[in-house]
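Per our numbering, the sequence shown starts with residue 203, numbered consecutively.
Hints are computed from structural coordinates only; laboratory data are not their basis.
Only a predicted model underlies this, so the values are computations on that prediction, with no experimental measurement involved.
By construction, the Cβ of each residue, glycine as well, lies at the ideal position given by its N, Cα and C atoms.
Errors might be hidden in some of the hints.
Straight-line C-alpha distance at most 25 Å; calculated SDA-like pairs for lysine to any residue [as the list claims (entries may be wrong)]: (1) Lys218 with Gly302; (2) Lys254 with Ala296; (3) Lys249 with Ala288; (4) Lys219 with Ile230; (5) Lys319 with Gly267; (6) Lys254 with Ser232; (7) Lys276 with Thr245; (8) Lys319 with Ala285; (9) Lys249 with Ser232; (10) Lys254 with Asp222; (11) Lys218 with Asn306; (12) Lys319 with Val242; (13) Lys276 with Asp213; (14) Lys276 with Leu228; (15) Lys219 with Ala288; (16) Lys276 with Gly295; (17) Lys319 with Ala296.
Distance ranges between label pairs, derived from CB positions [to be verified]: (18) Gly295 with Glu238: 12 to 22 Å; (19) Asp213 with Pro325: 30 to 40 Å; (20) Gly317 with His206: 14 to 24 Å; (21) Asp293 with Gly248: 24 to 34 Å; (22) Gly258 with Pro325: 37 to 47 Å; (23) Gly229 with Arg300: 17 to 27 Å; (24) Gly266 with Gln212: 29 to 39 Å; (25) Ala296 with Gly267: 19 to 29 Å; (26) Asn299 with Leu269: 12 to 22 Å; (27) Ser264 with Ala216: 13 to 23 Å; (28) Phe204 with Gly258: 39 to 49 Å.
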Amino acid sequence: MFTHICVSAQDLDASKKFYDAALGALGIASIGQVNERTCVYATPTGKLLVMKPADGNPATHSNGGTLGFQAADKAAVDAFHAAGLANGGSDEGAPGNRAGAPGNPYGAYLRDPVGNKICAFAPPEA
Numbered sequence: 203m204f205t206h207i208c209v210s211a212q213d214l215d216a217s218k219k220f221y222d223a224a225l226g227a228l229g230i231a232s233i234g235q236v237n238e239r240t241c242v243y244a245t246p247t248g249k250l251l252v253m254k255p256a257d258g259n260p261a262t263h264s265n266g267g268t269l270g271f272q273a274a275d276k277a278a279v280d281a282f283h284a285a286g287l288a289n290g291g292s293d294e295g296a297p298g299n300r301a302g303a304p305g306n307p308y309g310a311y312l313r314d315p316v317g318n319k320i321c322a323f324a325p326p327e328a
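Work the whole structure out from these sequences, hints included.
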């Protein structure tokens, strides 16, 4: 459905450190910093751009917005959460089953250095 999603970064180095760690735990690698304000992460199904705002205004997070990433299994969710916390992120929901979500899936939530909310969920059978 999506070709790409963009999230803002105030300090691109701090955000890159966070996303390298958290997404790296899910097997998603950076394809590099494409210019002075943008770093890109890619899979065969889409791209995440972490970037300083083009208008020069301060970066902010989306209130209510969440980016969800697929994890291979519960261990990958746990690694994602731990790596994000160790690299400048903050906890927005520790790893565990989400009883309020259909199917009681296993997932975890983080906030990046700017405050963007991201999560990782394992397939129910994993």
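Do the Cβ positions of Asp213 and Pro325 conform to the proposed distance bound of 30 to 40 Å? 34 Å, holds
Can the restraint linking Lys249 and Ala288 be considered satisfied, given a maximum Cα separation of 25 Å? 24 Å, holds
Take a quick look at whether Lys218 and Asn306 sit within 25 Å of each other, Cα to Cα. 31 Å, violated
25 Å Cα cutoff - pair Lys319, Val242: The given pair, whose Cα atoms are some 18 Å apart, holds under the 25 Å limit.
Tell me if the beta carbons of Gly266 and Gln212 are separated by a distance inside 29 to 39 Å. 20 Å, violated
Does Thr245 sit within 25 Å of Lys276, going by the straight-line distance between their CA atoms? The hint holds at about 20 Å.
Taking the Cβ atom of Gly229 and the Cβ atom of Arg300, is their distance within the range 17 to 27 Å? 22 Å, holds
Within a Cα-Cα threshold of 25 Å, do Lys276 and Leu228 meet the stated pairing? Answer holds: Lys276 to Leu228 is near 11 Å, not above 25 Å.
Between Phe204 and Gly258, is the Cβ distance one that fits in 39 to 49 Å? 26 Å, violated
When you check the alpha-carbon spacing of Lys319 and Ala296, does it fall within 25 Å? 13 Å, holds
Pair hint Lys276 and Gly295, alpha-carbon separation not exceeding 25 Å: Since the Cα atoms of Lys276 and Gly295 sit roughly 14 Å apart, the hinted pair holds (cutoff 25 Å).
Please test the hint of 37 to 47 Å on the beta carbon pair from Gly258 and Pro325. 41 Å Cβ-Cβ, so the 37 to 47 Å window holds.
Hint violations for this structure: numbers 1, 2, 11, 13, 18, 24 and 28, all remaining hints satisfied.
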